[in-house]
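Chemist: Sequence:
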Amino acid sequence: MYRLLLLVALAGCSHALYGGQEIEIESAPHQVSIWERLHPQCGGSIVNEEWVLSLSSCVDAFIENFKVVAGSKYTDARGGSEHQVVEAVHHAFGSGGMVDSSRELVLLRVSPPISFDAKRQPVKLVDADYKLVPGQKLSFSGYGYTDGFVKSPTLRSGSGNSILLEDCVKAYEGRFGSLYPGLACSDGSATGTSACIGDSGTPVLLEDGRLVAVSTTRYSCGKPSEEPDVLALVAKVRSWIKIVTNHVETCHTYRLRRPPRPSNAHPKTRISGGSSADIQNHPYQVSINAYGKYRCSGAIISRDWVLTTVHCASIPRESLSVRAGTSQLQNGGTVHSIAKVIDHDHYTSQLARFNDVALLKLAEPLEFDETTQPIELVEAKVSITEGYTGVISGWGTKIDDPELPRLEAVTTDIMSLSDCVDVYHTRFGRLQPGIICAKNDKKPSGAAACSEIWAADDSGAPLVVDGKLAGIFSWGYKCQQPGFPSVFMEVAYYRNWIRRNSAKSILPEDISMGRIIHGETITIETAPHQVSIIRAATDRHTCGGSIISRHYVLTAGHCAGGSAKDYKVRSGSSFWSRGGSVHRVVEVIRHEDYHSTETGNPVHDVALMRVAEPFDVDGETRKFTVLFESREASKAGRAAVVTGWGKTENGTLADQLQSLAIAIVSRGRCEKAYEELGGVPEGQICAAHPTGLKDMCNGDSGGPLLVGGRQAGIVSWSGPGCALPQYPGVYTEVAAYRQWIDEHMLSLLTFVALVAAANADPLYKRYQIFSKGRIMGGENAVIETYPYQISLELYGRHSCGGSIVSKYYIVTAGHCVNGSAEDLTVRAGSSILGKGGSVHLVDKIVRHEKYALNESGIPIHDVAVLRVKEPFLFDDKRQPINLYDVGEEAKAGVMAVVTGWGKTAQGCPIQLQTVSIPIVSKELCNEAYKSFGGLPEGQICAAYYGEGGKDACQGDSGGPLTIEGRLVGIVSWGIDCAQADYPGVYTEVATYRDWINEHAEL
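Reading the sequence shown from the start, the letters are residues -16 to -1, 1 to 986 in mature numbering (1 follows the signal peptide of the UniProt record, and there is no 0).
Calculated directly from the structure, the hints in this document are not laboratory data.
Think of the CB as a built atom: it goes at the ideal place given N, C-alpha and C, for glycine as much as any other residue.
Cut-off 25 Å, straight-line C-alpha distance, at most; resulting in silico cross-link-like pairs (PhoX-like, lysine-lysine): (1) 108 with 51; (2) 834 with 906; (3) 51 with 819.
Pairwise CB distance ranges, derived in the manner of DEER restraints: (4) 597 with 522: 18 to 24 Å; (5) 981 with 597: 41 to 47 Å; (6) 600 with 879: 32 to 38 Å; (7) 23 with 791: 40 to 46 Å.
My request is simple: use the sequences and hints to build the entire structure.
Modeler: If you want it as structure tokens, here you go:
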């Protein structure tokens, strides 16, 4: 295996493609320019509306200084559109667990999104299994220099051929190290063109236009005959790109191949391989068009309604239309505009798609005849599984076929859900209920027709079993390869949701947002914990929530189906549309077992949202809510108050906050009320007005239900209507999920322990217990001084600190390792957060078997060890640390050193930080935390007690506390940051030395 380490940048070759020809941006509409402040730095490629792929070295931690220019052929950005970089997600190539930081790729999320036109288009990516072989022709584009080495004002293109790795190594022999897997080289000597250092991040395409690589760097510019271009291969990061950009391939595993023409095949054989079909045999089939062009398929279920998927209908309603009654994609039949779109409330698409069902109400009813008919739905309790055969129909437009495409149909075998889970669980985690999987086996008949090149998408295509609609196609993976099933939304599972939402007699016409029926208008001072969760794309109120810490909002799980970028939070205002302060959401944490019942009701309906800008808790317009304790009962008959925004009884959206007094309803009464709808899941409680004429509905989802001034519930769902006497409102029970709330705030950033003080203010005292934090009062450090320090990364982002204890093991805090080993990496040997050093995959996680949160929500036995797959190579930047021995005491007053990354008083540093603080006696620390039950066994404290100002808090959990270069403690928790009366608390290494020795093989 060959290795090659190249320089990242050289002066005098800025933003350059040497040689080549001038081109128009329409010839490379995927090409963008990345600017730092007023100067172009690198190239990049459009992946989708929000994401651009480039080289990591093109941006630094101060992403606010960077923007992307799209749609311009000019170096000065004339005529282009500017898009601010709002997030940078880095990836590292590596070998043997080691990483060359000059080869890292980065995905940049931009705002506003890029609008596609002739000058701006996403690039097609090669598949993950694509192999680049020597001699393939490659094309470059970039903004650079002419043959005379004169700077060009316009976009240029050039070409080269891929070469053997041995030849690439020889070209750089003696100057650099070795070539990593995931890299390749290109030689432009035949054409006299090359990508220059300034063209880092620029796209490298195959002849068919697919992005095969990203240009990294060269030693010098304009010498293609001497120095090949070094490329980072896209295939190696294909899955990473998909996960980060929340993109799931929607190519249909049965993308309906047309048989060779002319064909004398038996009709039955032709259908099994994918063949032309007559609309009279599939009269329920419709095509869904967006802006007049085919987008998806759907199925007629009544004169007024078409069933399809949410992601098919995720554009403005006015842009959609339905064509029915024709076998041809763009000819014949009848075309209908859309009056209304109803998406499933709990749709999510973070990795795989779940609850991906939508209803389209037609503006004019369909006229039924032999080409246009509704299809009967599979009954709610029928399970379509292994042993069944289904028929899929839809359109697939072959790129090289000039004729108007016709309807196609194919038969397929259904596979068991367990087999489907086995295929997908490592890529997408747990698959939720409500899906059917269809096999994609390679058969001579061509049932696995993905190898054909199709331009259209058959999402929404109906799956019919025994003449009834069994599924709607949602997503698939790796279409070209057999073995990856197509995933359909199961109609039986969503039957009741479909019935409720498509029948006038069951649901009012518009309950897309909920309402406080017959509530009263209030001001935010009455409910200062209340926030409005706003959809970023529409700037409209979507759910309520409550403030539970300076960084966290508690809401309903079904309010949190999107990613963080989809939401904003408005706090401190009586009005959802104005006033107060607006906070960016940077993390969404939904209960891992969240799902919907067969009747569409949410279970484990709880979520947290972390905001970037902390809430300024001023006591008047913003306050923490006090949560019910675990297992604390909400007794029937107790008075309760629910607040929120939404539609009033007049059907208009209430701009000002509303409040309603109701009462808790007994479990028995609530179960009986919802008996026909499957009952009320565990972990939910009910409340209603005695008359039944006052109520909350969907749009106030996520809002707080208070009992005795404390939050007992989260608005979740209600019966088939609003303010109906027989159907109480249903709420997620806070007491049932209190431990989950505490654990997930603790493990990911912070959690709030709300402690009642006897005879005190009825709002109680509020404390913030930080499980990670910042080095307050510290100073910059270099890794050579603390070579044992590592950064524990979750999905490539810094999550916790840790310490190297051997060539294979690191030690960290127990609360840092709630994820799986495959989600974590360890970065060693770097002073800079997220860059440099070596990155190591995690092979095994061992958390202390008694790790838990005590009654006060404090972590105990907070220690874990991680084994890396490839060993640390010890040098001046990577060294193991010696540990305190069993029984060895950290004496009070002795100075200790704590290191790590995280927020300082000035913001978020990228440089390693250090601070010196004295050990505090256990007796004094125990007294300081008396109201929290004292200091747990196996923990020690350090701080300038009584003074404050220096501490380890948020962001450095798991990091080292050392005395004279030996590990004495592991950063665990504390109250606020650098508070005079609350020392930082650390897991005591001496207490757990035997445990660490055993599990880290010391």
